[in-house]
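Participant: Fit chain X to the given chain R structure using the hints.
Those sequence lines, one after another, are chains R and X. All you need for the working numbering is the position in the first sequence, starting with 1, plus 2. All you need for the working numbering is the position in the second sequence, starting with 1, plus 4.
Hint data in this document are derived by calculation from the structure and do not stem from the laboratory. All residues carry an ideal CB built from backbone N, CA and C; glycine is no exception. One or more hints might be untrue.
What the hints assert, rightly or not - Anything over 10 Å on all C-beta distances counts as not near chain X; from chain R, calculated:
1) E26
2) Q58
3) S67
4) E74
5) T114
As the list claims (entries may be wrong) - Taking lysine-lysine and the BS3-like style, the derived pairs with C-alpha atoms no more than 30 Å apart in a straight line are:
6) K11(R) - K111(X)
7) K11(R) - K65(X)
8) K16(R) - K59(R)
9) K111(X) - K85(R)
10) K59(R) - K11(R)
11) K59(R) - K53(X)
12) K82(X) - K111(X)
13) K16(R) - K111(X)
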Amino acid sequence: DGGITQSPKYLFRKEGQNVTLSCEQNLNHDAMYWYRQDPGQGLRLIYYSQIVNDFQKGDIAEGYSVSREKKESFPLTVTSAQKNPTAFYLCASSPWAGGNSPLHFGNGTRLTVT
Amino acid sequence: AQSVSQHNHHVILSEAASLELGCNYSYGGTVNLFWYVQYPGQHLQLLLKYFSGDPLVKGIKGFEAEFIKSKFSFNLRKPSVQWSDTAEYFCAVNSDNQAGTALIFGKGTTLSVSS
Numbered sequence: 003d004g005g006i007t008q009s010p011k012y013l014f015r016k017e018g019q020n021v022t023l024s025c026e027q028n029l030n031h032d033a034m035y036w037y038r039q040d041p042g043q044g045l046r047l048i049y050y051s052q053i054v055n056d057f058q059k060g061d062i063a064e065g066y067s068v069s070r071e072k073k074e075s076f077p078l079t080v081t082s083a084q085k086n087p088t089a090f091y092l093c094a095s096s097p098w099a100g101g102n103s104p105l106h107f108g109n110g111t112r113l114t115v116t
Numbered sequence: 005a006q007s008v009s010q011h012n013h014h015v016i017l018s019e020a021a022s023l024e025l026g027c028n029y030s031y032g033g034t035v036n037l038f039w040y041v042q043y044p045g046q047h048l049q050l051l052l053k054y055f056s057g058d059p060l061v062k063g064i065k066g067f068e069a070e071f072i073k074s075k076f077s078f079n080l081r082k083p084s085v086q087w088s089d090t091a092e093y094f095c096a097v098n099s100d101n102q103a104g105t106a107l108i109f110g111k112g113t114t115l116s117v118s119s
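Looking at chain R on its own, in the form it has when it is part of the complex:
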């Protein structure tokens, strides 16, 4: 079955450590996205990538980094510079970026930093 796989489902880290969240898709989509979901805040865009080896900052990119070396993979690194890293992180993809291209979402990774 085609879809988006985010792993792990739950992740725990100590403050000051960088952590990388995995996102893989086998839908052959060009565009991939990372959103952060907090209660009462909705989904806020962290980074997105329209094509391999290219990505753009979203509204809350500070303290995060991404790479897009392969079409099917878009890992997100939460660095120690991110002030409030505990959140639910959602990865999504779409056939192309923008316009009338709906998003397909993964099941998310819940990151807890203590």
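Facilitator: Same frame as chain R, now just chain X:
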């Protein structure tokens, strides 16, 4: 910059009641509009979308939404809700005129339906 406002944070209804969730966006150009739903423990799913044409769009599970350009609104409706509609609902928008733009989401509305 684009933004999306969902006015109702939490809506509580009894089964068979009618539902209307408000969504307003701020962007003067041509937009694409979406409603997504997140059922408890499940991933976000597309409920319906509007790109152009008939401003009244129908989605899955009996939901519909009306695009009113003059009001910058895209409200979600359902004539008679069911307990299984309990979920969080998100309105989202992107610009149709800018290639490569990402979806901007509202803060979401939690719907609780009691049986």
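Participant: Against each hint, give a clear statement of whether it holds in the structure.
Facilitator: Results for each hint:
1. Even its closest Cβ contact with chain X, about 15 Å, leaves E26(R) beyond 10 Å, as expected for a residue assigned away from the interface.
2. A beta-carbon of chain X comes within 10 Å of the beta-carbon of Q58(R); the shortest separation is about 8 Å.
3. Remark: the non-interface label on S67(R) is consistent with the geometry, its nearest Cβ contact in chain X lying 17 Å away (cut-off 10 Å).
4. Consistency note on E74(R): stated as away from chain X, and its beta-carbon is indeed over 10 Å from all of that chain's, at 18 Å minimum.
5. Chain X leaves T114(R) outside its interface by the beta-carbon criterion, the shortest separation being 18 Å against a cut-off of 10 Å.
6. The hinted pair formed by K11(R) and K111(X) meets the criterion: a straight-line CA distance of about 23 Å does not exceed 30 Å.
7. The hinted pair formed by K11(R) and K65(X) meets the criterion: a straight-line CA distance of about 28 Å does not exceed 30 Å.
8. About 26 Å separates the Cα atoms of K16(R) and K59(R), which keeps this hinted pair within 30 Å; it holds.
9. With a C-alpha separation of about 21 Å, the suggested pairing of K111(X) with K85(R) holds against the 30 Å cut-off.
10. The suggested pairing of K59(R) with K11(R) holds, with an alpha-carbon distance near 24 Å, which does not exceed 30 Å.
11. Restraint check: the Cα-Cα separation between K59(R) and K53(X) comes to about 25 Å, which is no more than 30 Å; the hinted pair holds.
12. Restraint check: the Cα-Cα separation between K82(X) and K111(X) comes to about 20 Å, which is no more than 30 Å; the hinted pair holds.
13. Our distance criterion of 30 Å between C-alpha atoms is met by K16(R) and K111(X), whose separation comes to about 29 Å.
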